[in-house]
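Protein chains: 2
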Amino acid sequence: MTSVAGREAQAGSGEDRLIATYFAPLARHPGAFGLLDDAAALTPPPGCDIVLKTDAIIGGVHFLADDPAADVARKALRVNLSDLAAKGAAPAGFLLALAVPPSIGGDWLADFSRGLASDIEAYDCPLLGGDTDRSPGPVMVSIAAIGVLPQGTMVRRNGARPGDRVAVTGTIGDAAIGLRLRREPTLAERWRLAHRLCEHLIRRYRLPEPRNVLAAAVRGHAGATIDVSDGLAGDLAKLCRASGVSARIACARVPLSEGARQALAAEPELIEAVLTGGDDYEIVCAAAPARLDALRAAASEAGVALTDIGEIVAGDEPPQFLDPEGRPLAFAQPSYSHF
Amino acid sequence: MTSVAGREAQAGSGEDRLIATYFAPLARHPGAFGLLDDAAALTPPPGCDIVLKTDAIIGGVHFLADDPAADVARKALRVNLSDLAAKGAAPAGFLLALAVPPSIGGDWLADFSRGLASDIEAYDCPLLGGDTDRSPGPVMVSIAAIGVLPQGTMVRRNGARPGDRVAVTGTIGDAAIGLRLRREPTLAERWRLAHRLCEHLIRRYRLPEPRNVLAAAVRGHAGATIDVSDGLAGDLAKLCRASGVSARIACARVPLSEGARQALAAEPELIEAVLTGGDDYEIVCAAAPARLDALRAAASEAGVALTDIGEIVAGDEPPQFLDPEGRPLAFAQPSYSHF
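Chains as they are written, first to last, in my numbering: chain A, 124 to 462; chain B, 124 to 462.
Note that these hints are calculated values from the structure, not bench results. Since the model is a prediction, treat every value here as computed from it, not as a measurement. We put the CB at the ideal spot given by N, CA and C, even for glycine. A hint or two may mislead.
Every beta carbon over 12 Å from chain A, so not counted as near; a handful from chain B, in silico [said to hold, decoys possible]:
1. GLU138
2. ASP139
3. THR348
4. ARG364
5. GLU392
6. ALA421
7. GLY449
Just a few of them, taken from the derived set where beta-carbon distance is under 10 Å, the chain A residues facing chain B [to be verified]:
8. PRO169
9. ILE173
10. GLY260
11. MET263
12. GLY270
If you want the footprint, here are the derived chain B segments under chain A, 3+ residues with CB under 8 Å [said to hold, decoys possible]:
13. 144 to 152
14. 162 to 175
15. 186 to 199
16. 218 to 227
17. 241 to 254
18. 322 to 329
19. 393 to 399
Based on the provided sequences and hints, a complete structural model is requested.
Take a look at the structure:
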């Protein structure tokens, strides 16, 4: 804590003390002014565009009430970082609006700020400003993330062309299966999942791993991208609609973790949850075949798997997910939706 | 609604339809991409800094559950615009994170988006992106506002010097009195307030009037500024702490509306609510005496009152608010605080 923040903590209101104790120590960017001004100031690098994104997470909706506060903080930041990664932008900082019910005390806030601090460092994304409120409702964490990239280079959803390959980072479906395990622990036995595989799947729900290390590679090689937050099927459908194309995806090529593969073997119907459940925070992209090797090499160098799962085709129907016999799957609900 | 948004509305999820119906039509800035991408892109004007601010408002905390949705939207935007104004920045756009309980339907959302549309135009502050969620709690509107100003010219809280004059825009205390009237309508009779004065006071609570027309003047002439959101006493105390100074304010010079003056005449104890109640969204600033006339002239040209209420003095005690006999007032709670 800086001495100014310390003075503020003594002199100000309860809200000032809370900010000085838990958040000012995180705000080391000079433009955050130690959270002691009305707003932050950023000098954008010359020739750059600013990329802007906001996503909120709410207790009981996007995370469970007993999730560790450190993970809640990190998830709130990471779901926004994932969008920056998909668009090819480097993180420049973020604003935090936090509303907490009266039941939330200092321990929770201390844990929350510890989690935030570790991701601020891990993703080099400084806290620039924020707002804290008491709320009669659940915890709500609303983050606005600011990214930068060379002018005019943001990777859009609308650049996919027939003939492009469709590739996805990491593994798909872990979070959807992890959430089921979290809610119904007996499923682990039914699916014959070892403890470590359960832990991996649940962790993938609780703490996304956005692919910010791939931002430059995505910008250099992908024609269209979207981050997978509402499910691969629904998000790829959005990319296809924006591009005026369709896609054919081989379900068997969709990358699965060991735990997801075992769960799916025990209960094949889980394929719908895997493809539509969401919370993956991977990047799905369309890339010209000639660019795919370079993209895969960059991913491999960054330690991230990148898997070719199908192709962009002409047409305006939703992407088809084909089973091993070439039959398209039908989904009851193709995408997570709040409404 | 654009044809692409129309198509999205037919093809997508309930959330896509909601965005396409109520929000995409507002997102006319080219960098908002019709809300059909993961993020927005802004090209900052050369030689400019980006000013960033987030503030959330919550039903039952910052507004009342039966406030018109259009006013809720406008208040959410305006409390952020007020910070940009105080810092001397011109609005460049905003991000909106909206969480609504299941009881909120299409009528409310339509009214909300109408209110937002009118302020987007009035303040020339485009909607750049957003996030909509169902929430088990109250309505929560979290906005992140982005402003621009010439590099290095953001007006800070920490530039006040002994000898500076303290000036404030508009009138102070209306919102605090308006909120009391809203909660306890019989007070109107006790204070002998005409209907139109009550309406004015209540409206000042429901719908702030941020002083964005003064941004350039503030930047040109003020040494230190803060927007008055938590009460004049508390916010001026923050400015003084940041600047390492104190202040002496003449209560009799604090500008009051006709309604506030009448209420105060009927109930002198209201002076504490006037000075500490908050929700004013005026600008209080410290300016060298030689700059005050220019600042006042610019304000007058913009149709905004600017009143000299006292002076910055050396010292590190909180600002003193002096009654007509020169005695300092003591406040039970000098500033609104959520914690």
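How the hints compare with the structure:
1. Here GLU138/B does not stay apart from chain A, with its beta-carbon only about 4 Å from theirs, under the 12 Å limit.
2. Non-interface status of ASP139/B relative to chain A is broken: a Cβ of that chain comes within 12 Å, the nearest being about 7 Å off.
3. The beta carbon of THR348/B sits about 8 Å from the closest Cβ of chain A, which is not more than 12 Å, so the claim that it is off the interface is violated.
4. With a cut of 12 Å on Cβ distances, ARG364/B falls inside the contact zone with chain A, its closest approach being about 6 Å.
5. The Cβ of GLU392/B lies farther than 12 Å from every Cβ of chain A, with a closest approach of about 21 Å, so its non-interface assignment holds.
6. No Cβ of chain A approaches the Cβ of ALA421/B within 12 Å, the least distance being about 20 Å, so the stated non-interface status holds.
7. Distance to chain A confirms GLY449/B as a non-interface residue, since its nearest Cβ pair spans about 24 Å, more than 12 Å.
8. At its closest, the beta carbon of PRO169/A sits 7 Å from a beta carbon of chain B; the interface hint therefore holds under the 10 Å criterion.
9. Here the hint on ILE173/A is kept, as its CB sits about 5 Å from the closest CB of chain B, short of 10 Å.
10. Among the interface hints, the one on GLY260/A holds; its C-beta lies about 2 Å from the nearest C-beta in chain B, closer than the 10 Å criterion.
11. Proximity of MET263/A to chain B holds as hinted, the smallest CB-CB distance being about 6 Å (cut-off 10 Å).
12. Using the Cβ-Cβ criterion of 10 Å, the hint placing GLY270/A at the interface with chain B is satisfied: the shortest such distance is roughly 7 Å.
13. Coverage of the stretch 144 to 152 of chain B by chain A is violated [criterion: at least 3 residues with CB-CB distance below 8 Å; count 0].
14. As drawn, the stretch 162 to 175 of chain B meets chain A at 12 residues by the rule of a beta-carbon pair under 8 Å; at three or more, the given contact holds.
15. Proximity of the stretch 186 to 199 of chain B to chain A, defined as three or more residues with a beta carbon under 8 Å from a beta carbon of that chain, is not established by the 0 residues found.
16. Residues of the stretch 218 to 227 of chain B lying with their CB closer than 8 Å to a CB of chain A number 4, which satisfies the three-residue condition for coverage.
17. Counting residues of the stretch 241 to 254 of chain B whose beta carbon lies closer than 8 Å to any beta carbon of chain A gives 4, which reaches the threshold of three, so the coverage claim holds.
18. Counting residues of the stretch 322 to 329 of chain B whose CB lies closer than 8 Å to any CB of chain A gives 0, which falls below the minimum of 3, so the coverage claim is violated.
19. Given as covered by chain A, the stretch 393 to 399 of chain B fails the check, having 0 residues with a CB less than 8 Å from a CB of that chain where 3 are the minimum.
In the structure shown, a violation is registered for the earlier hints numbered 1, 2, 3, 4, 13, 15, 18, 19, in ascending order.
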